[in-house]
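Participant: Sequence:
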Amino acid sequence: MCTIFGDHHGLTEDRRYGTAGAQPVSRRLFGLGVQPDSGRRLRSHDVTPEPRAASRARRPRRTSEEVRSLVLAAAVETFADKGFDGATTKEIARRAQVAEPTMFRIYPTKEKLYEAAVLGPFDRFLEDFTARWMAAEIPGGEPEIVLRQFVVELHGLVARNRSLITALASADALTAGAQPALTRLESVGQAIARTYGLDFDVPVAVRIATATVVAATVFEDTLFPGPLGGERLLAEMTRMLVGATLHPDSRR
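Here full-length UniProt numbering is used: the first residue of the sequence shown is 1, the next is one more, and so on.
Calculated directly from the structure, the hints in this document are not laboratory data.
One or more hints might be untrue.
[As the list claims (entries may be wrong)] Between beta-carbon pairs, the in silico distance windows are:
no., residue 1, residue 2, range
1, 131, 66, 25 to 33 Å
2, 224, 201, 26 to 34 Å
3, 77, 108, 15 to 23 Å
4, 152, 186, 17 to 25 Å
5, 190, 152, 21 to 29 Å
6, 247, 77, 38 to 46 Å
7, 106, 221, 32 to 40 Å
8, 235, 166, 29 to 37 Å
9, 85, 120, 15 to 23 Å
10, 137, 108, 40 to 48 Å
11, 104, 201, 38 to 46 Å
12, 62, 221, 35 to 43 Å
[Unchecked claim] In silico BS3-like pairs for lysine-lysine, Cα to Cα no more than 30 Å straight-line:
no., residue 1, residue 2
13, 110, 90
14, 112, 82
15, 82, 110
16, 112, 90
Built from N, CA and C at the ideal position, the CB exists for glycine as well.
Go ahead and model the full structure; you've got the sequences and the hints to work with.
Facilitator: As structure tokens, then:
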């Protein structure tokens with residue numbers, strides 16, 4: 001056998017195997033036959049291509065509740081930053097990382113979304129508070145305890161969402177959404193009135209108590225600065241509401 005060296009590209013060619021016995025380049029390069037000469041340069045077709053990188057895994061499909069939670073969180077954030085008029089549904093969808101048409105399938109209008117984001121926590125608070133006290137050993141509970149808890153818990157809710165509550169107060173059409181929850185809260189006042197033989201206008205009293213706590217909390221930093229706010233404010237609001245509840249109505 002003879003080996004012929006040198007081609008016009010300066011490559012080394014091994015023809016010891018002849019045409020019939022020639023091995024594929026890939027077999028000779030990767031140890032399955034003759035090892036490549038140190039002077040041989042690899043052509044692009046000599047090397048087995050690397051496997052393509054696996055395509056990026058798709059994000060798991062989110063449940064409707066997960067999408068709803070993302071949209072509400074983004075809505076709260078956006079409405080707090082820009083108010084009702086300044087916020088756009090496009091920005092809310094972007095923050096929620098949800099397609100705008102998907103968002104509209106859950107909340108058809110910006111008004112409905114605003115109502116859910118702003119009134120939702122307030123509505124749930126009133127519902128939970130009503131259910132808790134109507135299920136108590138003494139339905140409605142004792143006035144001092146019930147009103148103290150109402151003042152403290154509602155104050156905390158409003159304080160955490162002050163900017164949203166402030167925006168809500170200027171949206172008359174949307175505040176109508178709070179009426180069903182306030183009507184349910186009347187059952188607590190009616191139970192207290194029956195249990196203790198009290199005579200007061202329950203529907204009006206419930207709304208006065210709610211408005212008092214909401215307004216005092218919204219303007220707490222302005223009207224009750226420093227030592228006037230906090231526990232001192234809560235204690236006095238409770239005392240006044242309890243006194244008004246227990247005070248006999250001289251008109252009847």
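Participant: Can you give the numbers of the hints that this structure goes against, from lowest to highest?
Facilitator: 8
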